[in-house]
Amino acid sequence: MSVLRARALHKRYGALDVVNGLDLEVAPGECFGLLGPNGAGKTTTLRLCLGLTHPDAGDIELLGEPVPQRAREARQRVGVVPQFDNLDPDFTVAENLLVYGRYFGLAPGLISERLPALLEFAGLAGRESARINTLSGGMKRRLTLARALINDPQLLFMDEPTTGLDPQARHLIWERLRRLTQEGKTLVLTTHFMEEAERLCHRLAIMDRGSLIATGSPRALIAEHIEPQVVEVHGNGFEAWMEEARRLAPRVERAGDTVFAYAADIAPVLADLRGRPELSFLHRPASLEDVFLKLTGRDLRD
Amino acid sequence: MRWTAVWRRNFLVWRKLFIASVLSNLADPLILLFGLGYGLGALLPSVQGMSYIAFFAAGTLCSATMFTASFEAMFSGFSRMHGQKTWDAILYAPLTIDDVVGGEIMWAASKAWLSGTTILAVAAAFGLAHSAIVVLVLPVAFLVGLAFAAVGLIMTVLAKNWDFFSFYMTLIMTPMTMISGVFFPAEQLPASVLAVARLLPLYHGVELVRPLVAGRLPGGIVLHVAVLLGYAAAGTALAIMFARRRFSA
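Chain order of the listed sequences is U and Z.
Each residue of the first sequence is one higher than the one before, counting from 3 in our numbering.
Each residue of the second sequence is one higher than the one before, counting from 7 in our numbering.
Calculated from the structure, these hints are not laboratory results.
One or more of the hints may lead you astray.
Far from chain Z, some chain U residues (derived; all Cβ distances over 10 Å) [to be verified]:
1) L54
2) A59
3) V80
4) G81
5) V82
6) D90
7) D92
8) G107
9) E200
10) T217
11) R248
12) R249
13) L250
14) A257
15) D267
16) S289
One-sided excerpt, in silico: chain Z residues whose CB lies under 10 Å from chain U [as the list claims (entries may be wrong)]:
17) V12
18) I96
19) L200
Chain Z is faced by these chain U residues, among others (derived, beta-carbon under 10 Å) [unchecked claim]:
20) L100
21) Y105
22) L121
23) F123
24) T146
25) E226
Quick caveat, the model's predicted, so the values are computed rather than measured.
C-beta atoms are modelled at their ideal positions from N, C-alpha and C, and glycine is treated no differently.
All chains should be modelled from the sequences, with the hints used to inform the complete structure.
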């Protein structure tokens with residue numbers, strides 16, 4: 003039994019295949035992350051799953067309902083946190099929640115019953131009469147998250163939930179999202195923050211050019227796709243050293259004026275570098291970001 | 007009936023900004039009504055058997071209803087759709103774009119109805135209405151509001167930016183106000199211009215409201231009501247069609 007299932011999904015805008023043969027399955031209670039560079043098709047995928055955009059081909063089932071045919075019924079039990087806050091600027095904090103609850107046809111009594119807990123969750127208790135333009139970016143994000151919970155959804159879609167937030171605000175959002183998974187809610191989020199994906203998600207899919215190119219837990223993806231050790235090297239003569247490095251490590255990459263050497267046994271690389279004071283280097287374990295860059299390339303996506 | 011949640015959202019904002027909102031919708035038409043009505047009216051013995059101010063009150067009622075509906079549907083609607091992304095937020099809930107468009111049209115028509123009704127009340131208070139039959143203006147004002155709200159919302163869902171509305175206002179609404187019998191009887195226009203006016207909703211609104219203010223039943227009620235209903239129905243259908251296209255992209 004899955005909460006969300008998409009099969010052979012296609013969506014084309016003009017000559018561009020934005021979503022191209024995508025298969026997706028999300029199990030109940032998991033936090034599922036959709037990773038990809040800008041323009042990979044993440045937001046379009048979310049919109050397709052919500053029934054806001056109709057696919058050119060493929061099937062979607064959201065909470066047991068076929069989408070887009072019965073998207074309205076499915077959305078009754080779904081919450082959405084969009085990439086850009088669209089709180090109602092004419093309303094106070096509490097009015098935003100009240101008005102949003104009405105869109106789900108919730109009784110006024112039920113909404114006011116849920117309000118205190120949601121305000122506490124958003125860290126906005128005591129601020130219910132505050133106007134939206136007096137809130138910080140982090141507060142707005144948390145209110146948007148609380149708004150998405152007004153209908154007590156089984157599944158929460160989040161499009162880049164922490165983009166544009168400072169580290170304090172981001173950590174608070176992460177803490178709240180972990181609380182939601184502990185309560186048994188299913189989370190589907192898109193992000194291009196590897197740290198976010200690694201910390202929050204039980205399972206990830208890396209998406210590029212409209213289709214999934216890898217799926218698995220963060221650890222499994224690292225184990226499967228990349229050598230466990232990395233050395234980053236820069237300084238005078240790094241280009242010459244790159245040739246040397248190719249003999250010492252199975253995979254060597256360059257990005258600008260930095261060389262990345264990947265290996266399971268990194269000792270020969272480190273030994274060589276200790277004799278080269280003109281080069282500075284950083285040795286670290288391989289991360290999800292290395293997997294991401296390996297699979298999607300280092301080219302800029304604008 | 008899911009559109010009612012959208013209507014209630016707009017109503018709540020309106021209630022919070024009540025004074026500014028009412029003032030901006032009513033100050034202009036009322037100043038125009040009394041300024042032109044008494045000023046110009048002093049020069050005119052009577053128009054179609056009415057005092058000029060009574061004649062003009064019926065016209066003002068219709069044009070104010072038209073302007074309120076159009077402004078709400080276009081400028082406020084575009085701000086909610088494009089600037090604030092309020093529609094996007096609503097669409098995550100179990101509402102569809104059809105519900106949103108329906109709610110917006112009904113809201114703009116309601117607000118327009120309030121403008122028309124207030125002008126009617128002021129006109130009645132100044133002794134310009136002569137018979138209880140004048141209450142029939144109330145449904146007519148709503149119908150005029152509905153027709154212009156629907157057409158205005160077509161403009162909104164087609165608009166790329168704010169400038170788009172000035173074309174509609176300058177090229178369509180202003181000339182329409184001039185030829186639809188708001189300021190002077192449309193019958194004195196050249197036949198070809200009158201023929202154009204008869205295709206437009208404002209003319210039919212004025213043709214209904216003016217006799218009612220004067221205390222008699224209008225002639226050709228069925229035709230006038232049918233044209234207004236036609237604009238409302240076709241306008242709503244087109245607005246929904248274009249909105250679906252815009253929001254599924």
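Any hints this thing doesn't respect? Which numbers, in order?
1, 3, 4, 5, 6, 7, 8, 19, 22, 23 and 25
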